[in-house]
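Q: Sequence:
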Amino acid sequence: KARVILIAGPSSSGKTTFAKRLLIQLRVLGLRPVIISLDDYFVDRERTPKDKDGNYDFDSLGAIDIELFNQNLMDLLKGKCVEIPSFDFKLGKRKWTGHRLCLAKDQPIIIEGIHGLNEALTPQIPRKSKFKIYVSALTQLNLDYHNRISTTDTRLVRRIVRDYKFRGHSALDTLKMWPKVRRGEELYIFPFQEEADVMFNSALPYELSVLKVFAESLLIQVQDDSNEYSEALRLLKMLEYFLPITNIEDIPRTSILREFIGRSVFKY
Numbered sequence: 022k023a024r025v026i027l028i029a030g031p032s033s034s035g036k037t038t039f040a041k042r043l044l045i046q047l048r049v050l051g052l053r054p055v056i057i058s059l060d061d062y063f064v065d066r067e068r069t070p071k072d073k074d075g076n077y078d079f080d081s082l083g084a085i086d087i088e089l090f091n092q093n094l095m096d097l098l099k100g101k102c103v104e105i106p107s108f109d110f111k112l113g114k115r116k117w118t119g120h121r122l123c124l125a126k127d128q129p130i131i132i133e134g135i136h137g138l139n140e141a142l143t144p145q146i147p148r149k150s151k152f153k154i155y156v157s158a159l160t161q162l163n164l165d166y167h168n169r170i171s172t173t174d175t176r177l178v179r180r181i182v183r184d185y186k187f188r189g190h191s192a193l194d195t196l197k198m199w200p201k202v203r204r205g206e207e208l209y210i211f212p213f214q215e216e217a218d219v220m221f222n223s224a225l226p227y228e229l230s231v232l233k234v235f236a237e238s239l240l241i242q243v244q245d246d247s248n249e250y251s252e253a254l255r256l257l258k259m260l261e262y263f264l265p266i267t268n269i270e271d272i273p274r275t276s277i278l279r280e281f282i283g284r285s286v287f288k289y
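Number 221 in this note's numbering belongs to position 200 of the sequence shown; there are no gaps in the numbering.
Wrong hints could be hidden among the right ones.
Said to hold, decoys possible - Straight-line C-alpha distance at most 25 Å; calculated SDA-like pairs for lysine to any residue: (1) Lys73 / Asp194; (2) Lys186 / Ala224; (3) Lys149 / Leu82; (4) Lys258 / Val234; (5) Lys116 / Thr69; (6) Lys186 / Glu261; (7) Lys186 / Glu270; (8) Lys201 / Phe110; (9) Lys126 / Ile146.
As the list claims (entries may be wrong) - Across the chosen pairs, the derived CB separations fall in these ranges: (10) Arg66 / Pro265: 39 to 47 Å; (11) Arg42 / His167: 33 to 41 Å; (12) Val286 / Asn222: 20 to 28 Å; (13) Gln244 / Lys201: 35 to 43 Å; (14) Leu264 / Arg42: 27 to 35 Å; (15) Tyr227 / Leu257: 17 to 25 Å; (16) Ser238 / Pro144: 40 to 48 Å; (17) Leu264 / Gln145: 46 to 54 Å.
Read the hints as simulated data drawn from the structure, not as lab findings.
Ideal Cβ placement from N, Cα and C applies to all residues, glycine included.
When you get a sec, could you build the whole thing from the sequences and use the hints?
A: Quick look at the structure:
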């Protein structure tokens with residue numbers, strides 16, 4: 022019987038909201054799942070691998086303390102209590118705050134992170150004890166018989182809106198970092214899709230009509246002298262095919278869209 026639920030997916034696929042909603046549904050079924058964040062298991066900054074440009078590669082599996090992570094999981098599955106670390110992103114250091122976790126024998130563990138499908142993340146955990154879920158926004162809409170709407174574009178528009186609302190980033194900032202995000206997906210996520218036990222499609226038929234309300238004004242601000250101007254124009258052209266949904270209050274507070282447009286019942 023699987024005790025460890027691993028959730029992975031590309032950027033802005035909605036995996037965080039999925040994990041939170043799964044937690045609630047498992048509780049409804051009488052289980053008492055706990056969520057463990059991979060972010061708490063980052064190695065100290067000086068031990069973080071660097072990419073070919075000499076920048077820290079936080080998406081690399083080497084940025085995770087695999088040994089400690091697996092030891093904690095093994096101990097929890099054996100009924101032992103463990104102290105869970107936390108990571109100070111400002112200092113780039115691990116901290117120990119006395120956060121102890123104990124599990125009963127029937128309590129599942131939910132782990133959300135980009136490496137969830139990679140067996141190298143949990144080599145000490147038997148495969149039969151793991152259930153892997155791949156989350157992505159697989160847009161089902163086409164413009165016509167010959168032109169589809171890219172699933173990557175849907176995620177990019179999601180991220181542009183979310184980055185502005187929650188991180189203070191402009192559309193230009195997000196477009197500049199997007200190639201690096203895509204590189205991480207190609208290296209660390211997509212090669213392991215076939216490892217998933219199930220796939221969850223987080224795309225909503227109406228979401229681009231909602232995101233258009235937020236994204237258009239952000240994309241218009243990208244200046245024509247920037248390298249990202251043509252990409253901004255392309256996205257604006259795509260959004261022209263959608264009528265806006267302006268009554269945002271009609272979007273359920275539990276919707277996966279709220280992860281990007283705000284006012285969700287969940288905390289992120």
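Q: Next step is simple, just say for each hint if it's right about the structure.
A: The hints, checked one at a time:
1. A hinted pair counts as satisfied when its Cα atoms are at most 25 Å apart, and Lys73 with Asp194 qualifies at roughly 21 Å.
2. Of the pairs offered as hints, the one joining Lys186 and Ala224 holds, with about 20 Å between alpha carbons and a cut-off of 25 Å not exceeded.
3. Between Lys149 and Leu82 the CA atoms are separated by roughly 22 Å; this keeps the pair inside 25 Å, and the hint holds.
4. Between Lys258 and Val234 the CA atoms are separated by roughly 14 Å; this keeps the pair inside 25 Å, and the hint holds.
5. For the proposed pair Lys116 and Thr69, the alpha carbon gap of about 16 Å is at most 25 Å, so the pair holds.
6. In summary, the hint linking Lys186 to Glu261 is supported, as the alpha carbons are separated by about 22 Å, within the 25 Å threshold.
7. At roughly 17 Å between alpha-carbon atoms, Lys186 and Glu270 fall within 25 Å of each other, so this suggested pair holds.
8. This hinted pair checks out: Lys201 and Phe110 have alpha carbons roughly 20 Å apart, not beyond 25 Å.
9. The hinted pair formed by Lys126 and Ile146 meets the criterion: a straight-line CA distance of about 15 Å does not exceed 25 Å.
10. The hinted window of 39 to 47 Å between Arg66 and Pro265 holds, with their beta carbons roughly 43 Å apart.
11. Look at Arg42 against His167: about 36 Å separates their beta carbons, and that is inside 33 to 41 Å.
12. For Val286 paired with Asn222, a C-beta distance near 22 Å keeps the hint of 20 to 28 Å intact.
13. In this structure, Gln244 and Lys201 break the distance hint of 35 to 43 Å, their C-beta atoms being roughly 21 Å apart.
14. Checked against the hint of 27 to 35 Å, the C-beta distance between Leu264 and Arg42 comes to roughly 28 Å, which is consistent with it.
15. Restraint check, Tyr227 to Leu257: a C-beta distance of roughly 19 Å satisfies the suggested window 17 to 25 Å.
16. At roughly 47 Å, the beta-carbon separation of Ser238 and Pro144 lies within the given 40 to 48 Å, and the hint holds.
17. Distance hint for Leu264 and Gln145: a CB-CB separation of about 52 Å, consistent with the stated range 46 to 54 Å.
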